[in-house]
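Got chain A; can you put chain B on it based on the hints?
In order, the protein sequences belong to chains A and B.
The numbering used here numbers the first residue of the first sequence as 6 and each following residue consecutively.
The numbering used here numbers the first residue of the second sequence as 6 and each following residue consecutively.
If you're looking for bench data, these hints aren't it; they were derived computationally from the structure.
Being a predicted model, the structure only gives us computed values, none of them experimental.
Do not take every clue at face value.
No distinction is drawn between identical chains; accordingly, a pair holds when it is met within one copy or between any pair of copies.
[Claimed, not checked] Distance condition first, Cα-Cα at most 20 Å in a straight line; then the derived SDA-like pairs of lysine to any residue:
| # | residue 1 | residue 2 |
| --- | --- | --- |
| 1 | Lys216 | Gly301 |
| 2 | Lys178 | Gly221 |
| 3 | Lys216 | Arg302 |
| 4 | Lys190 | Lys203 |
| 5 | Lys216 | Lys238 |
| 6 | Lys245 | Lys273 |
2 protein chains.
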Amino acid sequence: MRIALDAMGGDHAPQVTVEGAVWAAREYGLEVALVGREELLAAELAKHDTAGLSLPLIQASEVIDMKDEPAAAAKAKQDSSMVVGMNLVKGGQADGFFSAGNSGGVMAAALFRLGRLPGIKRPALTALYPTARGSCVVLDIGANTDCKAEWLLQFGIMGSAYAETALGIQRPKVGIVSNGEEEGKGSTLVKEAYVLLKESPLNFIGNVEGKDIPAGLADVVVTDGLTGNVIIKLSEGLTKFLTGVIEKEIRSSALTALGGALARPAFKRAKKVLDYSEVGGAPLLGVNGVVLVGHGRSDAKAIKNGIGAAQRGASGGMLAAIAASLADMGL
Amino acid sequence: MRIALDAMGGDHAPQVTVEGAVWAAREYGLEVALVGREELLAAELAKHDTAGLSLPLIQASEVIDMKDEPAAAAKAKQDSSMVVGMNLVKGGQADGFFSAGNSGGVMAAALFRLGRLPGIKRPALTALYPTARGSCVVLDIGANTDCKAEWLLQFGIMGSAYAETALGIQRPKVGIVSNGEEEGKGSTLVKEAYVLLKESPLNFIGNVEGKDIPAGLADVVVTDGLTGNVIIKLSEGLTKFLTGVIEKEIRSSALTALGGALARPAFKRAKKVLDYSEVGGAPLLGVNGVVLVGHGRSDAKAIKNGIGAAQRGASGGMLAAIAASLADMGL
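One chain only, chain A, in its complex shape (with noise of 0.2 Å):
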């Protein structure tokens, strides 16, 4: 197994992706192909004992930044680490990509060089969403803004497809969201899409509402691209808020504050739980290929365990697991 890394991808690339990249070959003994200016990640390298791993590096000379129009630099930076590392998935030579750059970018580079799989409408941007009952799978976070109930039913099948294949989770529970749980809820385009994903074969469970996504209600929560967007955003925001009040009124008082203290590896577990790093990367649902994403501010552990997801992605059979449901469904 081979995974292709966009070196040069994240906030704190190449110094963070290149120790991400060390790590993953060496706790889950693969192959991580280094994409991204030679000279430089050479130098990241020889930071690190890399005796017995499998590191290749592949040039690429061209970076897509944060700042970058995601199409217009997909198209115009041919030789950059994203599009280089599309075509290694595509060409075969890797079995999966993983990048924690501009996620448009990133989007655009697998439209362009990989395609979608055949059926497919619209591919969907993902996350993975800590609740109450472990994670789930919200889709989409932000590629399609203006969604048809077709797309909806296929956010539905292919992430229903990502549960069960990379998750291990059996008959997934997928659920829409809504602004209430009774079926008839919720704007034109959330009443038809219900309408299809009842009769379609999934493990439909009707709306969920939003405080239902944390409560863990769904294992795939599919939604538009502008409110799977706010509901990833608004936790982040809202996370940092609720922890930074906690902490505010615990450094108030000398008694609280020596409290917090003790209790402090109780919220360091708890920030475990909330922590992206601690899943890493994303899928890009829809695209012919295994292509994850990451978190811009990813640090090396998020690159290491994005690295790992790719690798789930691409054992697990998860493309031919949506063709398949495609299939089923004549569609």
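Frame of chain A; chain B shown alone:
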């Protein structure tokens, strides 16, 4: 000043509604008209010391409860506490109305009895959302799922007038919820509404992402009713999940449990910051009267605060401010 209270509305009515009314009458020096089943309310009132307070009972034999279909119930139950309360406002016998009952029922009763403010296309359900800088006004949170750009502009106008007159915020910063900060990000609806808001005299700050809401970037957060509903309910669910994870981790060892016990006053204060009952009531904006809606789970304090919010809405000239803004803009 006389505020009418739906004494039958909410999960714990009439006990907590009567208790909250007594509290409000004493704290704010207000007349609070208790609308509902007279004999029930008289029995509750008898449990309190009401010497010197003005708490008239207004008979209403019916109740619109949580299971009722709002529009049908508001039409059929003409002697319900909601409809009778609205009649008091319409007839000038009350300056404002507060209910912690079925919010759809309040909306329907308000539309039937009070109607819309001249020029307003759709009323909006509004929430006060605690942020790092105080609180912001979020609307719509569930009354309108399929919106038009012009409605979102009007939500901005109404939210801004409310933030100014009832919360005392000068030139409130108005943002629209989107999946990216930059102009041009968002659905077709968001992009159209962006242009209208930008051209308006409002203090429009552009797109806000999910994470910007708890950070307090905007004083008024404009969105469609589905997304707004998800924002409010997700925040409720995530707060519960996060504090649950922290509490579970704290209880998991003797040392962290001791720390947690010492830090408890800090947790209590933190929860207070995030507590809806501190706010008590959110306005139904766009109807021709001051109408505030509270959470079904409201306790006596939330009822008291909701009555206080109705008083501020009535005395601050909220309706006049909305009407003036609309006139300014030729709407």
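Margin query: Flag every earlier hint the structure violates by its number, smallest first.
Written below: Of the numbered hints given earlier, the structure breaks none, since each of them holds.
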